[in-house]
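Can you make the complete structure from the sequences, with help from the hints?
Residue numbers (full-length UniProt numbering), protein chains in the order written: chain A, 1 to 314; chain B, 1 to 314.
Each hint should be verified, as a subset may be incorrect.
Repeated chains share a single entry, so a pair holds when one copy, or any two copies, can fit it.
Taking lysine-lysine pairs in the DSS-like style, the calculated list, with each CA pair at most 27 Å apart, reads [claimed, not checked]: (1) K63 to K19; (2) K95 to K134; (3) K214 to K19; (4) K11 to K281; (5) K217 to K11; (6) K127 to K281; (7) K281 to K216.
Calculated from the structure, these hints are not laboratory results. Remember, predicted model here, so these are calculated numbers, not experimental data.
Number of protein chains: 2
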Amino acid sequence: MTNVLLTFPIKERFRNALKDQFPKVNFDFSDTIEGADEKEVEILVTYGSDLTEKVLDGLTELKWVMVASAGVDQMPLAGLGERGILVTNVSGIHKTPMAESILAHILSLNRALPIIQEQQKQKIWEKMKSNELKGSTALILGPGSIGGEVGRLLQAFGVNTIGCSRSGNRHDGMHEDILFNEIENTLPRADYVISVLPSTSETRWLLDESHFEKMKKTAVFMNFGRGDLVRERVVVHALQNEQIAHAVLDVFEQEPLPSDSPLWELSNCTVSPHVSALSAKYVERALEIFKENLEMWLSGDEGYKNVIETDRGY
Amino acid sequence: MTNVLLTFPIKERFRNALKDQFPKVNFDFSDTIEGADEKEVEILVTYGSDLTEKVLDGLTELKWVMVASAGVDQMPLAGLGERGILVTNVSGIHKTPMAESILAHILSLNRALPIIQEQQKQKIWEKMKSNELKGSTALILGPGSIGGEVGRLLQAFGVNTIGCSRSGNRHDGMHEDILFNEIENTLPRADYVISVLPSTSETRWLLDESHFEKMKKTAVFMNFGRGDLVRERVVVHALQNEQIAHAVLDVFEQEPLPSDSPLWELSNCTVSPHVSALSAKYVERALEIFKENLEMWLSGDEGYKNVIETDRGY
Chain A
1 MTNVLLTFPI
11 KERFRNALKD
21 QFPKVNFDFS
31 DTIEGADEKE
41 VEILVTYGSD
51 LTEKVLDGLT
61 ELKWVMVASA
71 GVDQMPLAGL
81 GERGILVTNV
91 SGIHKTPMAE
101 SILAHILSLN
111 RALPIIQEQQ
121 KQKIWEKMKS
131 NELKGSTALI
141 LGPGSIGGEV
151 GRLLQAFGVN
161 TIGCSRSGNR
171 HDGMHEDILF
181 NEIENTLPRA
191 DYVISVLPST
201 SETRWLLDES
211 HFEKMKKTAV
221 FMNFGRGDLV
231 RERVVVHALQ
241 NEQIAHAVLD
251 VFEQEPLPSD
261 SPLWELSNCT
271 VSPHVSALSA
281 KYVERALEIF
291 KENLEMWLSG
301 DEGYKNVIET
311 DRGY
Chain B
1 MTNVLLTFPI
11 KERFRNALKD
21 QFPKVNFDFS
31 DTIEGADEKE
41 VEILVTYGSD
51 LTEKVLDGLT
61 ELKWVMVASA
71 GVDQMPLAGL
81 GERGILVTNV
91 SGIHKTPMAE
101 SILAHILSLN
111 RALPIIQEQQ
121 KQKIWEKMKS
131 NELKGSTALI
141 LGPGSIGGEV
151 GRLLQAFGVN
161 TIGCSRSGNR
171 HDGMHEDILF
181 NEIENTLPRA
191 DYVISVLPST
201 SETRWLLDES
211 HFEKMKKTAV
221 FMNFGRGDLV
231 RERVVVHALQ
241 NEQIAHAVLD
251 VFEQEPLPSD
261 SPLWELSNCT
271 VSPHVSALSA
281 KYVERALEIF
291 KENLEMWLSG
301 DEGYKNVIET
311 DRGY
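Encoded structure:
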């Protein structure tokens, strides 16, 4: 029997479906990873943060960690790599809710929805300034699965899309592709600067003051990747000095965002509490990916979905 | 000389461009339509509401009214029709800002942006319920230029679109097309019921209690057409009794919306003060259509853009 421990919490109906589909697998649904060292766990399904180096030391039978999240930056990747443990994630499942969130914020700002909401509270019937998205330009940092979906949708609205990646390769959803070192030269053209980059050694603190100085005064900066893309004080400075028009942040240098952060009260900043990937369909989709990979695992096939290269971090 | 009176207010640079492009036309830019009867006006460019039956009586030379608006329901259409006066509007220019506004509201509700905005004010870092647009179904009343653009964009998000028109003909942007008398049967399938219908004898009070009873409890009703599609009290009743989840209204039975309307304070209603068509590019686009038609007028060609059939009202 293959022993699978799920600390990823799922509902009864999902548990039963797993047991029905895989009668030869021993599923252990647990609230906690404590005691896992005595369970001869071969496969661990987790949100990620419970797998510390110490826990990993005890799991001598572990061969595969399925992370039910997109970010693996909090995982003991080095230890997993050394032990040759397979690591997979569910990165693909975020693309729909995240792209919808990003488009929601862009359109909402353009069409003045926050102002409409405020006016309604005061029963004010008044026209306001309102822009069109059509014809604008977006620079998308990280044109992978999520960024590509953002690009595809923006293109439907008539937006010119520029993808920025380490390779500079051609990406779906982009009219143009540039390299990381071409960001500064490209920023003066961008009405939207949207990051969906993961946290890696190359993306950490990738943006600094000089980048915000190059942005349009009318630009909107959106960080939906990881909070260590840019120092909070750099964004605060740019917003306070109106170097850019607005920032929409779903991720932060420190999460939850501390209550003394100036970002909360800046009228040109939208603070979203890391919710852009949320979806009522999340668990269902994560389990679909897990089940596909588990089929392959049991039959000895290769070609797993969403394999993480532990040395690269994504 | 052809005498053109513009009560449609435009900036100096637009005035000069018109005069340069049409040196043989006599342009009169006026704040008011008063005194127009002494000007031998052949062509009138107006937002519409200043052309009353009485004013029309005095304009004996009038041959063409260009309405710089989409709605012509406040125009003296019968009188214009009797006199054989050409009536054109600018309906096409609204499709981009209006479709963007409609998508903005849909995405904003799905991705919980109003809650994010409220939480930020109170510095609350908390996850909330959030849905996906993908896979839902939209019923679009009025699948013309604007409705078709809404349908095209919704389809990009993976939404199933159903167009509803008097003809029931196949329309762009729709997966399916139905007739007005099929609305009730179709409502139980719709997650979004979106009207962009003009005000005509056929659309006036088209929806009533029975329609709202057929809608899903989770449905969102959106009126971006005209306020006489449904009685305000019908919508208020449906919202107060949670027959539907939310209403987004850009048009109202009475505009401006009276301050004692219950719609202002309903938490499941968004009151938008008839701003969905606003755009910084409005005047420019309206003049483009006017200039194309004026070229034809002067050269004696036919095939004018956006001709209104005065007996039909659109």
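Practice prompt. Would you list, in rising numerical order, the hints stated earlier that this structure does not obey?
Written response: The structure conflicts with hint 3 only, although it agrees with all the remaining ones.
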